[in-house]
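*Asks:* Sequence:
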Amino acid sequence: PDQIYRGRFAPSPTGPLHFGSLIAAVGSFADARAQGGHWLVRIDDLDRTREVKGAADTILRTLERFGLHWDESVLFQSRRHEAYAEALQLLRERGLTYPCFCSRSEIAAQGAPGPEGPIYPGTCRAGSRETRRQHSERLRVPDAALAVEDRIQGRIAQNLAAEIGDFVLRRADGIHAYQLAVVVDDAAQQIRHIVRGADLLLSTPRQVYLQQLLGLHRPTYAHLPLALDSDGRKLSKSLAAAPVDPSDPLPALQRAWQFLGQTGAPQQAGSVEAFWQLAIAEWSPRQVPRSRALPAITTGASAAK
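Be aware that the sequence shown starts at 1, since it is given in the working numbering, and climbs by one per residue.
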């Protein structure tokens, strides 16, 4: 039922847990537990070429050391291809997708600049004479504004056609795209509340549009501020990015708590257990800043989606 809070944390196993990823984990966990809800963990290992061997296990062990204990079994996206293929087939049968034979360089040469790189110019939308076997599959998007009310960032509106273009649901190498997978998995796990990093704010209208097309429930969204280095880059992109220390979790936990605009007793807690007991009681989403940077920070961020 809708009244049961179900949240999740979905890191990519591209390396150990970093500070930016910890922020997403702490925020989503605190929000779920403060409302007496369930908190799930999903491993975003769709793209096996980016996966670092053993990283998923390292991340899970680190979460446990930080007192971030999940409910239910961990879901691995790499084992969910059939579910994504089924959703894609539903869209395909309704004429909502089409094969695209364009290369990245062709799109870069023809596409207008957008917030996430070149906007796809619609080259293959009306059909293509191309005979190359390898092709991606794109979703036709409407030329209309789609609005989402974010619990932290406020109202965001995006015209998918003008700002993003028809986007990929299955890549040319056969891997299903993140946008499709996350929507299918959130529905399968009955996720009702999504708390994640603001780097995924731009993805939200695409995901909401897919939810509409597939007749799925729309979760509530809350996008947390990103930890940036002194040059304004996401810490995951920073050369100084370093893993959080699972042997000494309390300082990083308290730092993440402070970064999220939270104050009070958890800052003085003497153990991880005491920290969470206090933190869950005191969590206030209203105190989370819309955007925040940590200058000259030495710990990093791995994307958690």
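Note that these hints are calculated values from the structure, not bench results.
Heads up, the beta-carbon is just placed ideally off N, CA and C, and yes, glycines get one too.
Among the hints, erroneous ones may be present.
[To be verified] Each pair of labels, with its calculated beta carbon distance range:
no.: 1; residue 1: Ala145; residue 2: Gln3; range: 26 to 32 Å
no.: 2; residue 1: Ser284; residue 2: Gln110; range: 46 to 52 Å
no.: 3; residue 1: Asp245; residue 2: Gln3; range: 37 to 43 Å
no.: 4; residue 1: Gln35; residue 2: Pro115; range: 16 to 22 Å
no.: 5; residue 1: Pro121; residue 2: Lys53; range: 35 to 41 Å
no.: 6; residue 1: Leu202; residue 2: Arg94; range: 33 to 39 Å
*Asks:* All the hints need checking, so say for each whether the structure fits it.
*Replies:* Consistency of the hints with the structure:
The hinted range of 26 to 32 Å is satisfied by Ala145 and Gln3, whose Cβ atoms lie roughly 30 Å apart. Look at Ser284 against Gln110: about 47 Å separates their beta carbons, and that is inside 46 to 52 Å. Taken as a hint, the range 37 to 43 Å holds for the pair Asp245 and Gln3, whose Cβ atoms sit roughly 38 Å apart. Under the hint 16 to 22 Å, the C-beta atoms of Gln35 and Pro115, about 32 Å apart, miss the expected range.
In this structure, Pro121 and Lys53 meet the distance hint of 35 to 41 Å, their C-beta atoms being roughly 38 Å apart. Checking the proposed 33 to 39 Å range against Leu202 and Arg94 shows it is violated: the Cβ atoms sit about 25 Å from each other.
Violated hints, listed in ascending order, are 4, 6; each of the other numbered hints is respected by the structure.
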